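Given chain A, put chains B and C in place with the hints provided.
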Amino acid sequence: MKMDKHTGMTLIVKMITRVTVGFMLVFGGYIVLFGHITPGGGFPGGVMIALAYILITLAYGREFVEHKVSGVTASIVDDLGALLFWTMGIIGLYVGGRYFFNFLGKGEPFNLFSAGTIIINNIAITLKVGMSLYAIFLALAILQRVVTEEEPKEDEK
Amino acid sequence: MTLYFLDFFLLTVGLYALIAKRHIVKKILGVAIMEYAVNFFLILIGFKKAGIAPILTKDMDIATFIQTAVDPLPQALVLTSIVIGLGTLALMVSIAIRLYERYGTFDMHEINRLKG
Amino acid sequence: METVIILHILLVFMIIGSIITVEIKNMLSAVIAMGAVGFVLSVAFLFLGAPDIAITQIIVEILSLIILIRATINVDNVAIEKKEEIIFSNRTTLIFIGVILVFAWYAFHSLPPFGDPSMRVSQFYLTHGLREVGATNFVTSVILDFRAYDTFGEAMVLFTSISGAFAILRRWKKEQHKDFLRIDREH
Numbered sequence: 001m002k003m004d005k006h007t008g009m010t011l012i013v014k015m016i017t018r019v020t021v022g023f024m025l026v027f028g029g030y031i032v033l034f035g036h037i038t039p040g041g042g043f044p045g046g047v048m049i050a051l052a053y054i055l056i057t058l059a060y061g062r063e064f065v066e067h068k069v070s071g072v073t074a075s076i077v078d079d080l081g082a083l084l085f086w087t088m089g090i091i092g093l094y095v096g097g098r099y100f101f102n103f104l105g106k107g108e109p110f111n112l113f114s115a116g117t118i119i120i121n122n123i124a125i126t127l128k129v130g131m132s133l134y135a136i137f138l139a140l141a142i143l144q145r146v147v148t149e150e151e152p153k154e155d156e157k
Numbered sequence: 158m159t160l161y162f163l164d165f166f167l168l169t170v171g172l173y174a175l176i177a178k179r180h181i182v183k184k185i186l187g188v189a190i191m192e193y194a195v196n197f198f199l200i201l202i203g204f205k206k207a208g209i210a211p212i213l214t215k216d217m218d219i220a221t222f223i224q225t226a227v228d229p230l231p232q233a234l235v236l237t238s239i240v241i242g243l244g245t246l247a248l249m250v251s252i253a254i255r256l257y258e259r260y261g262t263f264d265m266h267e268i269n270r271l272k273g
Numbered sequence: 274m275e276t277v278i279i280l281h282i283l284l285v286f287m288i289i290g291s292i293i294t295v296e297i298k299n300m301l302s303a304v305i306a307m308g309a310v311g312f313v314l315s316v317a318f319l320f321l322g323a324p325d326i327a328i329t330q331i332i333v334e335i336l337s338l339i340i341l342i343r344a345t346i347n348v349d350n351v352a353i354e355k356k357e358e359i360i361f362s363n364r365t366t367l368i369f370i371g372v373i374l375v376f377a378w379y380a381f382h383s384l385p386p387f388g389d390p391s392m393r394v395s396q397f398y399l400t401h402g403l404r405e406v407g408a409t410n411f412v413t414s415v416i417l418d419f420r421a422y423d424t425f426g427e428a429m430v431l432f433t434s435i436s437g438a439f440a441i442l443r444r445w446k447k448e449q450h451k452d453f454l455r456i457d458r459e460h
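Protein chains in written order, with this note's numbering: chain A, 1 to 157; chain B, 158 to 273; chain C, 274 to 460.
Keep in mind that the hints are not guaranteed to be accurate.
[As the list claims (entries may be wrong)] Chain A residues, not near chain C, derived (Cβ > 10 Å throughout): (1) I16; (2) V21; (3) G29; (4) I56; (5) G61; (6) K128.
[Stated by the list, open to error] Facing chain B, from chain A, some residues (calculated, C-beta under 8 Å): (7) P39; (8) F43; (9) F110; (10) V129; (11) I136.
[Unchecked claim] Distance condition first, Cα-Cα at most 30 Å in a straight line; then the derived DSBU-like pairs of lysine-lysine: (12) B:K205 - B:K215; (13) B:K215 - A:K106; (14) A:K14 - A:K68; (15) C:K298 - B:K184.
Simulated from the structure, these hints should not be mistaken for lab results. The model shown is predicted, which means the values in this text are computed figures rather than measured ones. Glycine included, each C-beta is placed from N, C-alpha and C at the ideal position.
The following block holds chain A by itself, in its conformation from the complex (with noise of 0.2 Å):
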């Protein structure tokens, strides 16, 4: 099937991407606020939240996704993971005397909330990795639409 710039693919590549990629965002999802205790953390957290928005910006074309996610939301939101990151730096610092010490408190292993600082870690590293990844693919994905738009450009030459 051809590949139209306007409608994205396919209809049954549409319905399956309905389907699953709640799936994958939920599923990334556990990835990071559980990094903690199962393994997993906030890097490949990251990824698979990329490769969900990857999916659906495949599957529907591009104009789809600016309308929710365009490519300086992502930017935005990359820059936001990166300062949290560094103010839990900053506040363990006053707090601690240490640049990333764990002030918040330990409760008991195997809940969700012990661990101190590490799940707000976690957070900001899968805002900073996933949505950078995210843009980059937006922008080599705009380069194939401009070249492949030029064709008709032979007679004006």
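Relative to chain A, chains B and C alone:
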């Protein structure tokens, strides 16, 4: 011992692709193979025979866990190394795309000849 | 003992897959063989007791396959393999690699034997990790509490490489027509 040597052979396969091939994307694939070999080597160093993963579960005794867990420090370093490898791969691919649009070919010998 | 034999088989598979990646002429097949090497690497990480790394390796492998296919499937699908006067470069590379392998065989005798690591620093992380951090995943506690500064440096490296890729891919308005006219003239 032979595991270390076979892993180093994988590294030299990637090195050969980086040096002796003309197509730019083959060179990028060579760099990616070298990254795989290096990450594998770091995890191989920290392996303990009959060891378990360094994750504590509810029904495990802490003393036996400390004796039989594999090394968690190389795993932490390799985790960030894999994601950094993805970032540099994106940078190399963007350079290759710009070179193609500027010179019209992926061949490095042609690009060295044209040069402007 | 069985783990060691399985690791040998997986490594031989990865070597065969990477030789196929390097030597095949069609670029799309090379990228697909690269994907196979990455998946077998993730299985090998599982056998080595590193589930975090296995999850990260599979997900990063999928994303790098997408980026590489975007680079190769542009216009050109066949690699250029003219073997004119390049025999000098191929032969000296192979001799050089052979010399490295001979020296590496003697160098690997000075590492600690396989399966018996010298965990001088990690013994501290394992014994004091649960009391000082409270997380039961010791790899996460090493990344985000004992060595959080290294993770901060990694986030900055990722930021720099992604913004470098953006700066390269940016197009100015008057440059667009010049590049596309050149490509049209060559066809």
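Going through the hints against the structure:
1. I16: Non-interface label on A:I16 holds, nearest chain C Cβ at 16 Å vs cutoff 10 Å.
2. V21: Non-interface label stands for A:V21: nearest chain C Cβ at 15 Å, farther than 10 Å.
3. G29: holds (14 Å)
4. I56: Given that every Cβ of chain C is farther than 10 Å from that of A:I56, nearest at about 14 Å, it holds.
5. G61: holds (16 Å)
6. K128: violated (6 Å)
7. P39: holds (6 Å)
8. F43: holds (5 Å)
9. F110: With a minimum Cβ separation of about 6 Å from chain B (threshold 8 Å), the hint on A:F110 holds.
10. V129: holds (6 Å)
11. I136: With Cβ-Cβ at 5 Å, under 8 Å, it holds.
12. B:K205 - B:K215: holds (22 Å)
13. B:K215 - A:K106: It holds: about 18 Å lies between the C-alpha atoms, which stays within 30 Å.
14. A:K14 - A:K68: Holds, at about 17 Å.
15. C:K298 - B:K184: Distance of about 13 Å is within 30 Å: holds.
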